[in-house]
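Residue numbers (our numbering), protein chains in the order written: chain L, 26 to 149; chain H, 2 to 148.
Keep in mind that a hint or two might mislead.
Unchecked claim - Partial list, derived from the structure: chain H residues whose beta carbon lies under 8 Å from chain L: (1) R15; (2) V21; (3) Q30; (4) T42; (5) S49; (6) M95; (7) Y97; (8) V107; (9) G111; (10) K113; (11) L115.
What the hints assert, rightly or not - Calculated pairs, SDA-like style, for lysine to any residue (alpha carbon to alpha carbon, straight line, at most 20 Å): (12) K113(H) <-> T120(L); (13) K60(H) <-> D47(L); (14) K113(H) <-> V115(L).
The set of hints was computed from the structure by calculation and includes no laboratory data.
The beta carbon of each residue, even a glycine, is placed where N, CA and C say it ideally should be.
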Amino acid sequence: MQVPILKQGSYLIASIQAVLSDADMLQLRDDLADKVGQFRARGVIIDVTVLDVIDSFATRTLRGMVHMLNLRGAETVIVGIQPEVAFAMVQLGLTLEGVGTALDLEEGLAFLNQKTKVHAKPAK
Amino acid sequence: MQSPPNSEVRVEVRSTIDIVTARQQGREQAMALGLSSAEVTLVAAAISEIARNILDHAKRGEVVFSFVQRGSQRGLQVAANDQGPGIADIGLAMQYGYSTRRGLGVGLPGAKWLMDEFEIESAVGKGTKVTMRKWVKDENSQLNHSR
């Protein structure tokens, strides 16, 4: 199942709609890496609210995806990790070190605004 | 037709899509048993890891779910069986961060942490069998009751 990627100003929002297979996740990584260039995006939000489990493979893939997008020049934040999912990740000893996370879409936008402020035009 | 409550449910694991199927099946079984939603997620995560382990090491195998009873305790048993190469050194395989392949080395020890019970049997050249269980805690029924 393909993940829709929406453009919102200079940001891209990838909103995962259903549980993803490994192949879907790798596809999302490649799509985002392409679209960041295509739309010259400064930031990316990956919404994982619907994911019921983030296992070792998903963690490794998300981590790689975020680092890759950072290398392409887009700040990236993962939003919507559910409390149970976070609990299971902690139990598994999985970390998203070096990866920005935020509660939800709103906080994710605030996170990106903060992070990309340096590049933005001064307000006054 | 509804299957009787004590029957086993099997999910064949041959490709990464089957990991999702196994996890969803496990989630349904765990919910039917009355595990809390946090525990259901832990079980689903453990299934994900052991199913992935089958694919990574044996290419194919199966995950079998069944309800188990011990005294007054009820639980969900998840067994992962394969006829793969087997594990020569189980102690090493159970070490966190040890991986023979591209994995994080989280799979087996991680699954053990997520479940209440975890057993592993393996014979080189014959295969591996992982059996793990999650028991319904008394607090859950009390919590549900007081709601």
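Practice item. For the hint on R15(H), just tell me whether its beta-carbon gets within less than 8 Å of chain L. Key: Interface hint status for R15(H): violated (13 Å vs cutoff 8 Å).
Check your understanding: Given V107(H) was flagged as interface, is its beta-carbon under 8 Å from a beta-carbon of chain L?
Key -> holds (4 Å)
Review point. Any CB of chain L closer than 8 Å to the CB of K113(H)?
Key: violated (10 Å)
**Study point:** Hint check: 8 Å Cβ-Cβ cutoff, Q30(H) to chain L
**Key:** violated (14 Å)
**Study point:** Minimum beta-carbon distance criterion (8 Å), T42(H) to chain L
**Key:** holds (4 Å)
**Study point:** Residue hint S49(H), partner chain L, criterion CB-CB below 8 Å
**Key:** holds (4 Å)
Check your understanding: Does K113(H) pair with T120(L) here, judged by a C-alpha cut-off of 20 Å?
Key -> Judged against 20 Å, a Cα distance of about 18 Å means the pair holds.
Check your understanding: Measuring from the C-beta of V21(H) to each C-beta in chain L, is the shortest one below 8 Å?
Key -> holds (6 Å)
**Study point:** Given pair status - V115(L), K113(H), alpha carbons within 20 Å
**Key:** This hinted pair holds, its Cα atoms lying about 13 Å apart.
Check your understanding: Given G111(H) as an interface hint, is the shortest Cβ-Cβ distance to chain L below 8 Å?
Key -> holds (4 Å)
Practice item. Against chain L, run the beta carbon of L115(H) and see if the smallest gap drops under 8 Å. Key: holds (5 Å)
Check your understanding: Does the nearest C-beta of chain L fall within a distance shorter than 8 Å of the C-beta of Y97(H)?
Key -> Holds, because the Cβ-Cβ distance from Y97(H) to chain L comes to roughly 6 Å (cut-off 8 Å).
Of the hints listed earlier, those the structure fails to meet are numbers 1, 3, 6 and 10, in rising order.
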